[in-house]
Each structure stands twice: as structure tokens, then as C-alpha cells.
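Chemist: Chain by chain, the residues run as shown.
There are 2 protein chains.
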Amino acid sequence: MRKLFTMNTHDLIRELREPAKTKIVMLVADGLGGLPMAPGGLTELETARTPNLDALAREGTVGLSVPVLPGITPGSGPGHLGLFGYDPLEYRIGRGILEALGINFAVGSKDVAIRGNFCTLGADGKITDRRAGRPTNEKNRAAVEKLRTIKIPGVELFVEPVKEHRFVLVIRGDGLGDRVNDTDPQAVGVTPLKAEGADAASAKTADVVNRFLAEAVKVLASEAPINGATLRGFATYPKIATFENVYGLKSAALAVYPMYKGLARLVGMDILDAGQTLQSQMDKLAAVWGDYDFFFLHYKYTDSTGEDGNFPAKVEMIEKLDAAVPDITKLKPDVLIVTGDHSTPSKMKSHSWHPVPTLIHADNCRPDEVIGFSERACLHGGLGQFQAQHLMLLAMAHAGRLGKYGA
Amino acid sequence: MRKLFTMNTHDLIRELREPAKTKIVMLVADGLGGLPMAPGGLTELETARTPNLDALAREGTVGLSVPVLPGITPGSGPGHLGLFGYDPLEYRIGRGILEALGINFAVGSKDVAIRGNFCTLGADGKITDRRAGRPTNEKNRAAVEKLRTIKIPGVELFVEPVKEHRFVLVIRGDGLGDRVNDTDPQAVGVTPLKAEGADAASAKTADVVNRFLAEAVKVLASEAPINGATLRGFATYPKIATFENVYGLKSAALAVYPMYKGLARLVGMDILDAGQTLQSQMDKLAAVWGDYDFFFLHYKYTDSTGEDGNFPAKVEMIEKLDAAVPDITKLKPDVLIVTGDHSTPSKMKSHSWHPVPTLIHADNCRPDEVIGFSERACLHGGLGQFQAQHLMLLAMAHAGRLGKYGA
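Going down the list, the protein sequences come from chains V and S.
FYI, in the numbering used here the residues of the first sequence are 1 to 407.
FYI, in the numbering used here the residues of the second sequence are 1 to 407.
To be clear, the hints were calculated from the coordinates, so they are not data collected in a lab.
None of the values given here were measured: they were computed from a predicted structure.
Note that beta-carbon positions come from the ideal geometry of N, C-alpha and C, so glycine has one too.
It cannot be assumed that every hint is accurate.
[Stated by the list, open to error] Below 25 Å or equal to it, Euclidean Cα-Cα: the simulated BS3-like pairs (lysine-lysine) are:
#, chain 1, residue 1, chain 2, residue 2
1, V, K23, S, K139
2, S, K139, S, K21
3, V, K332, S, K349
[Stated by the list, open to error] Here are some of the chain V residues that sit facing chain S, going by a computed Cβ distance under 7 Å:
#, residue
4, D273
5, K330
6, R366
[To be verified] Listed next, the stretches of chain V that the computed footprint assigns to chain S, with coverage defined by at least 3 CB atoms under 8 Å from CB atoms of chain S:
#, region
7, 33-39
8, 393-399
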């Protein structure tokens, strides 16, 4: 008997996984879970008419996934890492890295990636508009061109436009740390903060960005209302095993928003061009159905409408998603999972810690008594309340891709 | 499934346990959990008429136990270790030990146990049949007798027949390791592999088996088609704290099948001769009732019928078990637990990952609304879904054998 204190879940999966031809679809409705707007009311999901999701819940098994820990509200990074089976408390992905991945920038192991915001500074150097009047993407690109003229000895700099006031700065060099404070004070009427490093490697990074930001003010002088920049989310590239290395699954991501393409790329999924609509995502899914074992489908609008506090719009977006479900089921996936990376109740206008309605549809699901898909219904489901990071174990099991543990 | 404190659970139990006169019965229906054969159907347990188990569920509290982790299908070893309160990911039992336990060989702390296969070798020493034509058990025993004539100085050798081409070799001696490669190349047309040890102690074991296998070819010369042997699954006796050491319980195992007697012996339970029938097990239970604190009752047929894919037979075996329950309750155990080591759905003809219906019957159970014993009913039980390795904590608590943690 060997004591396996060191054995983590990924090692266990590598040991037990078995080849199969089965296909798994994970449909992530971002921020799916919700709350009633008033006592005695219904949640967004309970309000929405969802005949297709209800049918999946009736035929399959449901439960509630806890993204990180009870009471912990996850960002998009931890939320998705959990769904992908990576302990979100073990793997921490900096915002800068997510942003860089999201615009298809090939971040490397010597890089520190940082989110940038163009801002407007007053004559006194204090911020008057943190978003520089939300410039057009054209204005953004013009300003980025100016920033690209900045050179700092000893490091390579990459500046990439995102949209409106946002850009990405990547510093490539040896011995760069990411324990650097945001220079964005998140307020107007104050000057941007000076970058400082919490250790020697991070101090080197801080020195580079302080010089970069000083230069930025000069080269942006002619770009009003853009005349300065702030930086946040300093992040080095994480060490993380690929999805294929862990699960042996050839995996494709069909997402519209850069952030979620980035998260999928982080774990080594193929990032497919799925267009800009749910329909184009579904068309792409059908087109590449034969080429992959695992499909990550990301739907953003259940989260964005929740963040807007727009209850009726979130209900509508849930119903739009429900209407697209037959485009998936007609492909007859062996395992279809519908879940979310976290809850985003319209009432709170933000992500929340509430567990996420989750369903698994497969031939060998153990039936429960649930006949609809909602927060309340999932409380009675066969999956109970479970850690999101165990969802991939269930996906692999229902797909017949995990052998027996021990004799 | 994250460890929440550095102290392990066994140390905690040793610290908190209190002497008591209470008696605990754990009735393990192997492979108890199941699935419907077709959508909309009932599971084996839901189909079976189980008035006695239903009464226990109504009076007690129920839930679903997760043997290892969600989605992980356990073998008998990990399944039972979990029920006994040993983390199945921390303790792993080598194949050779399980094989020896399975034929009721009393493996000891100085033993290395190994699975053996009789094979047929060509004149060039290459394997022509890895199973020597699947000999009869009589042929097997005759060949085993020949192997028993082999002597290696410095160690004691035990050769035991299993069935057909399989036997068990146990090497007893000081400082023997088990990090030895299988000599079975798992292919024909090649010679058996030479055993090599990955450390000094294992090199000693390898030297013994290489000499044993050289002798085997000589003594088996007259046993054609058996004329050689291969070895695999080298395993030393596990270092594992006994049940009594952890729980302070004087414990007895009443099992019919050697494998389960072996697993109970592994944790130091007394292995009683309980005969070959459920009735003889119950008679033995009554006979020794005064002599022990904890009784492990193993019932095999819920698993074997499930493995056969024989749904009606599994239903019948569940009903037979239910009929025997009064033989237990009439003894008035303070805590009666009914559970399984894993699910074995007839539909899948194999072990599965699905959580296992579990009930605890005791004076101080908190009541739930469940009035019957089934997979679906247990979803609404007071125990919720819990890790099997925590079941013994609940057993000890309900038996009044665990004191308060902290002031």
C-alpha cells in the first residue's frame, strides 16, 4: 500500500482515464444563477420559459455547483478554472494574463501582462476621466500606435488594443515579477498611483512601468482626450497542465468574448472562430463535431444582463439560450452539461457566491425527481451540491472515460 | 474533499473517542446502488419490496455516500477502506495483497504477495500461451505442488492455487521490498521479463523471484502445457492502523467471501467463521453478540447479480437481505448502518461511481421526511450526500463514543 498524500485529482484522472469515442459538451451560461427581485418572487431562471432545458433536467440529473467555496464569489477566471477541473484556490490567473489571452496575444513564460486604461489627466496631473471619454476603437488603435514607440532598455514591450479605452501591455524580460500594485486609483480627482514592487523581481517590473507611464504622457499629448494611461492586474504566466494532458480530451472552445477564449487557451483548448452570435456558435459546433471529444460553449449574455441589473433582459437571454439547445441535442452528445461559472443575480448587479444550477444529461445518469431546470428544482437533484472542480470527474465518468479505481 | 485541518481524522478520533458499551452493526450490501434499466424506470432497490429496510429508513436517517470522489468508480478495496474510515486515496492496497486476501491467505507484515500465472514457453524460452491453455483447477493444484518443492535460502515461500492458470506466491522474510516490475510481458512471442528491484529491499525480492522462476521451469517440466510462470502485482503488506487502534472498537467481520474477510483482516478485525449463507451469518452474529463492539456484515449477492446484469436477481437478493434485517434488529444494536461499498447497476454490469444509499438507525438520529429506502428517497435524507470515509465518524457519534472537540 502506497500513501499518496501527494496524489492530486489530476494524477488520479491520468491514472484512470480510458480512451473512448464519446463526446462531451459543456454549455456554460455565464452568471446563470440568480435571485428573486423581491421576497416571494422567482429567480430569472425560474421566470424564464425553458422547455428544452427542462426536458434535459427531467431526463438527466441536476444539482448545484459551488464554484470555489460556500460564500466565495468567483471572478470569470476562478469560475471557469473550477468548471475545467482546476482547483481555483491552487491556480490563480492574473487579470492581465486573461486580458492578453483574450485578444489572442501569445503570452509566454517570460512575460508580465497588464491591463491598461487610457485616461484623461488634468493640467495638475489628476485624473478627470478614467476612460478618456470611452474612445472609439479607431482612437484606441491610434493611441496604441503612439505607445508602441516607447522603448525601455533591457525589456521588450508589446502594446495591444482591446476596445474603447482598454489596451494590454506585455513586458517581456528575465526575472520580472508581478507583485505590483495597480496604478489605477479607481477614482477621479487624484493622480495615478506610482507602481511599486513587493519583491526584487516585481520592483524591476515596477521600474519599467513607471518609466513607460512617464513616456506615455509625452507620446499621447496629441491624442486628447486621451493623454495618459493607468495599469492594473499585473500578472505573470501561470504554470498549468493542459486539458488534453489531464483528461486526454481533444477539446475545442466556441466562445464569442475574448476573455473566455483566453481562459480556454490557458488550458490548451483549440480556440475556434465561432463568430459573434449564438447561432454562429451552434453552426460551428455542428461543423467541427467530428473533430473533437470535448466542446466548451460559452454564452455571455446571462451574465452581462445580470450585471446590468436587467431582470427581464436576463430572462430573455435565458430563453434565447434554451431555444438553441436543440442545435446541441440533435448532434447527440454522449454527455451534455449545462452550468454556469457563477451566479449573477440581477438584484445584486454583480457576480455572487450562490451555487449554480447544473445539469448532466447522459444515458447512465441516475434519475432524480426533478422535472425542471431552476435553482429551487436543483436543490432536489441527484448531484446534490458539489464542488465545481469535480464536475469534470462526473463528465468523464458519464462519458465512460474513467476506469475503476483499485481492485 | 479538501483537508480542512492538518490533523488527520484518525488522530482526531483517537483524541475524542470515549469508552462505551454501545454496539454498532455495519451491514454492507456490496454494490447496493443501481440504475433503472430504461428511462422512466425504477432502480433495483426501488423495485424491491423492502418493508424492514423502509422501517429503518423511516425511524432513522438516510443519505447517499460518495465512496471516493464524485465520478470515481471504486474497486472492492477502496470501497471498503472508505466505509471503514480510511481515506481510499491515501491508502492503496497492492494487487498481490488483494489476491492473497481473496484466497484467505493470512498475509503478514514480513510478506511480499505476488500474483502468478502459469504459462507455456517454447523451446526458445518465448511465451507461446500466457495462460497455459487455461488449465483445470486440478492441473493448477498439481503444478502448485511442484512449485512448493522450490526452496530459496533466507526466505519462506508460500504458493497457493487460485483458479485455472492463476496462483499466488508469498515471499516471507526480512527487508523485502515490492518495487519490482512484473515479469509478465503481457504478450506472446517474447521471453518473460527479468525481475528488477527499484531499491535495495526490492532488489532482494527480485533476486528471490528470479531464482524461483528459474527453478520453476525445471520442476514444471513434466506439467505440459504448463512449463513456466510469470509474476505481477508485487505488494508488501500495507502499513495501516488497526480498527481497534483508531476507534477503540473490538470488531468482528462476518463475511462469506474471502476477499471481504481479507479486507477486514487488513484493518485488524477478528474474522469469524460465519458459514456460507446469510442465515449462518445472522446466527453467528447472535452467538457472538456479547463479545464485540462493532460488527461488519458483508452481503455479496447485490453486487454479483448486478455484475451479471441480472436486474430481477438483484431485486430478489435485496429482498432476501431485507428479510434478514429482523435477525439484526432483534439484537437491539445501538447503531445499525446499512450501506454499500459502491453501486453496481445491473444496467452497466459493473461497479459505478453513483453514490450509495445509506441509512443510520439509532436513538439519536435527527429525523428526516424519508419513509423508504431507495436511491431517490435518500436524496431527501438527513445525511445528504457525504464522503464514505466519514461514515465511521457518524457511527461513533450516534453510538455515544465521540466526545466534544474543543472546549
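Chemist: If a hint holds in the structure, say so; if it doesn't, say that too.
Modeler: Hints, verified against the model:
Between the alpha carbons of K23 of chain V and K139 of chain S the distance comes to roughly 47 Å, so the proposed pair goes past 25 Å and is violated. The straight-line distance between the Cα atoms of K139 of chain S and K21 of chain S is roughly 52 Å, outside the 25 Å bound, and the hint therefore fails. A distance of roughly 24 Å separates the Cα atoms of K332 of chain V and K349 of chain S; the hinted pair therefore holds under the 25 Å criterion. For D273 of chain V, the interface hint is violated, the least distance from its beta-carbon to any beta-carbon of chain S being 32 Å, above 7 Å.
Because the beta carbon of K330 of chain V sits about 18 Å from the nearest beta carbon in chain S, more than 7 Å, this interface hint is broken. Below 7 Å, beta-carbon pairs count as interface contacts, and R366 of chain V has one with chain S at about 5 Å; its hint therefore holds. For the region 33-39 of chain V, the proposed coverage by chain S is not satisfied: 0 residues have a C-beta within less than 8 Å of a C-beta in that chain, short of the threshold of three. Chain S is given as covering the region 393-399 of chain V, and this holds because 6 residues of the stretch bring a CB closer than 8 Å to a CB of that chain, at least three being needed.
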